[in-house]
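Chemist: Single-letter residue listing:
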Amino acid sequence: MSNTHAPAHRPQDLEEEIAGGVGESPQRPDAALKVRGDFAYASDLWAENMIWGATLRSPHPSARIRSIDIGPALRTPGVHAVLTADDVPGRNLYGLKDVDQPVLAVDVVRYRGEAVALVAADHPETARRALELVEVDYEVLEPVLDAERAAHEESVPAVHPGGNTVRYQPIVKGDPDAAADVIVSGTYTVGMQDQAFLGPEAGLAIPGEDGGVDLYLATQDLHTDRKQTAAALGLDPEQVRMTMSGVGGAFGGREDLSMQVHVCMLALRTGRPVKMVYDRAESFFGHVHRHPATMYYEHGATSEGDLVFVRARLYFDGGAYSSKTPVVVGNGTTLGVGPYVVPNVRIEGWGMYTNNPPCGAMRGLGAVQPAFAYESQMDRLAERLGMDPVDLRVRNAISRGESTPTGQVLDYPAPVEELLRRVRDLPLPETSAAEASDPDIRDLPGGASNTTHGEDVVRGIGYGVCIKNVCYAEGADDFSTARVRLQVIAGEPIAMVHTAAAEVGQGLVTVQQQITRSELGVERVNIHPNDTSVGPAGSSSASRQTYVTGGAVQAACRAVRAELLDLTARELGEPAAGLSLSGGKVVSETSGVLADLADVLGDEVIEETREYHHRETFPLDEQGSSERAQVQHAFSAHRAVVDVDTGLGLVKVVQLDCSQDVGKAVNPDSVVGQIQGGSAQGLGLAVMEEIQVSEGRIDNPSFTDYLIPTILDMPPMNVDVIERGDPNAPYGVRGVGEPPTISSTPAVVAAIRAATGKALDHVPVGPDHIVE
Amino acid sequence: MDFLRPASWSEALEAKANHPDATPIAGGTDVMVELNFDQRRPTTLLDLTRIERLAQWSRDSHPEGDVLRIGAGVPYSRLIGELGTSLPGLAIASRTVGSPQIRNRGTLGGNLASASPAGDGHPPLIASEAEIELESVRGTRTLPVSDFFTGVKRTALADDELVSAVHVPAATGPQQFSKIGPRNAMVIAVCTFAVALHPQRGTVGTGLGSVAPTPRSATEAEEFLAGELAENGRWERPDPLPESVIGRFGELVARAAAPIDDVRGTARYRTHALGVLARRTLGWAWDEYRNGTETSGRQGCA
Numbered sequence: 001m002s003n004t005h006a007p008a009h010r011p012q013d014l015e016e017e018i019a020g021g022v023g024e025s026p027q028r029p030d031a032a033l034k035v036r037g038d039f040a041y042a043s044d045l046w047a048e049n050m051i052w053g054a055t056l057r058s059p060h061p062s063a064r065i066r067s068i069d070i071g072p073a074l075r076t077p078g079v080h081a082v083l084t085a086d087d088v089p090g091r092n093l094y095g096l097k098d099v100d101q102p103v104l105a106v107d108v109v110r111y112r113g114e115a116v117a118l119v120a121a122d123h124p125e126t127a128r129r130a131l132e133l134v135e136v137d138y139e140v141l142e143p144v145l146d147a148e149r150a151a152h153e154e155s156v157p158a159v160h161p162g163g164n165t166v167r168y169q170p171i172v173k174g175d176p177d178a179a180a181d182v183i184v185s186g187t188y189t190v191g192m193q194d195q196a197f198l199g200p201e202a203g204l205a206i207p208g209e210d211g212g213v214d215l216y217l218a219t220q221d222l223h224t225d226r227k228q229t230a231a232a233l234g235l236d237p238e239q240v241r242m243t244m245s246g247v248g249g250a251f252g253g254r255e256d257l258s259m260q261v262h263v264c265m266l267a268l269r270t271g272r273p274v275k276m277v278y279d280r281a282e283s284f285f286g287h288v289h290r291h292p293a294t295m296y297y298e299h300g301a302t303s304e305g306d307l308v309f310v311r312a313r314l315y316f317d318g319g320a321y322s323s324k325t326p327v328v329v330g331n332g333t334t335l336g337v338g339p340y341v342v343p344n345v346r347i348e349g350w351g352m353y354t355n356n357p358p359c360g361a362m363r364g365l366g367a368v369q370p371a372f373a374y375e376s377q378m379d380r381l382a383e384r385l386g387m388d389p390v391d392l393r394v395r396n397a398i399s400r401g402e403s404t405p406t407g408q409v410l411d412y413p414a415p416v417e418e419l420l421r422r423v424r425d426l427p428l429p430e431t432s433a434a435e436a437s438d439p440d441i442r443d444l445p446g447g448a449s450n451t452t453h454g455e456d457v458v459r460g461i462g463y464g465v466c467i468k469n470v471c472y473a474e475g476a477d478d479f480s481t482a483r484v485r486l487q488v489i490a491g492e493p494i495a496m497v498h499t500a501a502a503e504v505g506q507g508l509v510t511v512q513q514q515i516t517r518s519e520l521g522v523e524r525v526n527i528h529p530n531d532t533s534v535g536p537a538g539s540s541s542a543s544r545q546t547y548v549t550g551g552a553v554q555a556a557c558r559a560v561r562a563e564l565l566d567l568t569a570r571e572l573g574e575p576a577a578g579l580s581l582s583g584g585k586v587v588s589e590t591s592g593v594l595a596d597l598a599d600v601l602g603d604e605v606i607e608e609t610r611e612y613h614h615r616e617t618f619p620l621d622e623q624g625s626s627e628r629a630q631v632q633h634a635f636s637a638h639r640a641v642v643d644v645d646t647g648l649g650l651v652k653v654v655q656l657d658c659s660q661d662v663g664k665a666v667n668p669d670s671v672v673g674q675i676q677g678g679s680a681q682g683l684g685l686a687v688m689e690e691i692q693v694s695e696g697r698i699d700n701p702s703f704t705d706y707l708i709p710t711i712l713d714m715p716p717m718n719v720d721v722i723e724r725g726d727p728n729a730p731y732g733v734r735g736v737g738e739p740p741t742i743s744s745t746p747a748v749v750a751a752i753r754a755a756t757g758k759a760l761d762h763v764p765v766g767p768d769h770i771v772e
Numbered sequence: 001m002d003f004l005r006p007a008s009w010s011e012a013l014e015a016k017a018n019h020p021d022a023t024p025i026a027g028g029t030d031v032m033v034e035l036n037f038d039q040r041r042p043t044t045l046l047d048l049t050r051i052e053r054l055a056q057w058s059r060d061s062h063p064e065g066d067v068l069r070i071g072a073g074v075p076y077s078r079l080i081g082e083l084g085t086s087l088p089g090l091a092i093a094s095r096t097v098g099s100p101q102i103r104n105r106g107t108l109g110g111n112l113a114s115a116s117p118a119g120d121g122h123p124p125l126i127a128s129e130a131e132i133e134l135e136s137v138r139g140t141r142t143l144p145v146s147d148f149f150t151g152v153k154r155t156a157l158a159d160d161e162l163v164s165a166v167h168v169p170a171a172t173g174p175q176q177f178s179k180i181g182p183r184n185a186m187v188i189a190v191c192t193f194a195v196a197l198h199p200q201r202g203t204v205g206t207g208l209g210s211v212a213p214t215p216r217s218a219t220e221a222e223e224f225l226a227g228e229l230a231e232n233g234r235w236e237r238p239d240p241l242p243e244s245v246i247g248r249f250g251e252l253v254a255r256a257a258a259p260i261d262d263v264r265g266t267a268r269y270r271t272h273a274l275g276v277l278a279r280r281t282l283g284w285a286w287d288e289y290r291n292g293t294e295t296s297g298r299q300g301c302a
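Keeping their order, the protein sequence lines are chains A and B.
In case it helps, the UniProt record's numbering puts the first sequence at residues 1 to 772.
In case it helps, the UniProt record's numbering puts the second sequence at residues 1 to 302.
Hints in this document: simulated from the structure, not taken from any laboratory.
Incorrect hints may appear among the rest.
Selected chain A positions facing chain B (in silico; Cβ < 10 Å) [to be verified]: (1) Arg128; (2) Asp279; (3) Asn450; (4) Asp645; (5) Leu707; (6) Asp713.
Chain B side only, calculated, beta carbon under 8 Å to chain A, not exhaustive [what the hints assert, rightly or not]: (7) Phe37; (8) Arg95; (9) Ser178; (10) Met186; (11) Ile188; (12) Trp284.
In this text, all values refer to a predicted model and were calculated from it rather than measured experimentally.
Yeah, the Cβ is synthetic: ideal placement off N, Cα and C, and Gly gets one too.
Build the full structure now, drawing on both the sequences and the hints.
Modeler: Quick look at the structure:
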């Protein structure tokens, strides 16, 4: 049923005759293993003589630790170690931006689930039972639970000594108090979404003979993990050797440390390999979540529908520790008007400490929350103006050469208008199950639960479009490293690509192979396991890896190629300038195929390592201005068609279509997969996904009660991929992974509004929001 | 932890008598989850999967109508595949349970013994006035299903007893079941409703789930509807039911609920939704009765 418009292979970028290069969709190297269930994930790690670690977590969102008695736990047969903050060998603090989070709690706990003590034992059950024997005497304190109050009320206690504001950022442009013919306002809230990756946190630490440690673990960023882990262990970074284990999804949830330091502490203390695996419930406490947000918006427009101003206040609840809160505030404010031209802007963003669960990175970081608000506002404005919601968006769409509220001029294609028109023109569903004489209940709201046979079912259509920055921003030196080796093995030229760039399921391994095939003209490309014996790649996040690691692989390949052509020139007496590599052969411009690559190479091993740094970005000033706060922007537009059972408030998303500009589809199948997956995650936020927090406690830490979409919830998609290359990026690529997560949510909610007429100012929309 | 694997029913009863704290396990779809989440640490597991008679069902003739005796170990997938015609309400409810894997493993006996207020199998059994057969080395007894549940996750089972079977009268009229969940498959019930029409007896059965500590019937609604159907000769001349009757039935069903607010839904929504489900399922069942056809809406599993 699904209709996919993915670009066919167009060889304009590269001369290549080798199969499986850039622009094609070769099978990923781990595909068969994963489908068969043979792929080894981090939870499958095993070592001879290994023991098991477990974590004692705080039952209180805010408390003072009066004392900890580890004696009874330590005396339990089978227990090898019980560790507390006193046992942290190095700096007992870590953090991605602000170094504010203890490895193990010292004196106070700031959220329910904070790690307090560790146990290593022969058996995981023994370790769990020993945890219950660790006696912690808590003095329970009043928790800080409301981010908005924490921002403004002096009486709210400070969660950290420096106060409760992690970051405050205003963006001011033009005259924010300008008058407008029409003004619409709204307050929007976004619930706490979980990454809901399927493979819970797991790792294995093996003590090294040099006093260091080898850590095998599923993560998004080996080097940043290593830097923080080594500091906490009091070791040199070189003494912490990390190797990537099979990652069962990440979506931002593996960017912060979880068990990294813990499992190493236990291994170094006991001298034994130690394994830790979180179960599903613990996983909800072991990683950060998407920031819940409260957002106040005011849009002003002329009576013709030209935006005059946007004024907004955004409150992000960062929970107990900073994590990525500063970046969420940066992204949320800079992208807070959406992909529109707005002459007058005042957006203020607050990222706050509270005693709620810590929040940090998740797909669409900081851009998901305001997109729900600004797109809801655009619909509200269109309704007030009596305009078509797509026409209003088209009228105000940003395009190349125009500037964002920070003053950054978009010097690359920004085809927002085109995306909107294209998604509107995609085919609509021809039938409605509610009008069928003999409907299959699974096509109706409520699905398999048999709640309607068509009664009270109303169809609605809604649109959403978004902007997301790609790569790190605001002055971060964003780079990746690749090492490429070319040699002849058994008569065949084989390339080996070595990076630390985490394959988290997105298909980066395939992309690296494709780039290498295209650049070196060799078919066989092996991917070295990710580890820290090569330079940093940064995190698999911010839709950045194909851009930066792709750029690094391209650069390393080109260095290898240059060396190889020099070698050819020396051997064959042809000038290197006229030579190229194609199909495993060295080709001359003038005389055609000169030699087999394997013959030229002989016993030589050519290895080159290169870093790729994208264009410089710059911090925001106090008014939120910057020449270039972000290196690139990506755009997607969604149209949702929903059937709503207005009697019961149940929703069936019938169709969810997306048009997205990807610059250059390096792997068209993977691009479509990213769009489908991202859309599903955005649909989840629209109608079901929310970590329910009361009094700082997570009430639904399980996949029984934290619901994610099933195949009956996620409809077929029309996916329309366009390629308007970014001249600044390798191959013209534009980040793909995040935008579809962002624009799908407002599209689905807009469609529910169209069907029901309800305001729906909160996501996820629950049945009770629709019927009450 | 001890793991007992009796090869016969009598061995199982003996084992339960000797280990009154043993946790019976059949499909394991509840017990294994509790073990994995460390919510339960039984001293002994009593594996019932080797007992063939638990996985059998039979149809027995009685003067007042056939009764299905369903062994406690019959999984949902077989209730759907083998008993869909005799017990349509139970089959519809079974289709809403979990995923194919869960329906292949999970059993009706386990659903009863777990006694979750949200158990999908319970409301149709209430609506059909099923009886639960309990057995121990002391003997066999049967209880009306409504007496079997004594509280949230509590039952009338004695320490030495096991659920051996469920006795359910074969349908003599249309049956329906409907369940609310905030996603379209694989979801724990926010509330459920079952209705069974008994044209021969001139009665109506109802079953409400997830709206009280135990599944229950809406007696007042049943009596109201039975009265309406009898007084106006509707069983004999089945015209469409007036909206007022359907509406009143929904109100009375909703009134029978005593729900709570929890992570799955609010009490207010549950009460509202239950009334809607009652109205719709009655409409489908009555249409079926009038037209003598299968219900509208093709039923399928997720």
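Chemist: Does each hint fit the structure? Answer for all of them.
Modeler: Checked hints:
1. Arg128: holds (6 Å)
2. Asp279: holds (7 Å)
3. Asn450: holds (5 Å)
4. Asp645: holds (9 Å)
5. Leu707: Holds, about 5 Å.
6. Asp713: holds (5 Å)
7. Phe37: holds (6 Å)
8. Arg95: holds (6 Å)
9. Ser178: holds (5 Å)
10. Met186: holds (5 Å)
11. Ile188: Holds. Min distance 6 Å.
12. Trp284: holds (7 Å)
Every hint from the earlier list agrees with this structure, and none is contradicted.
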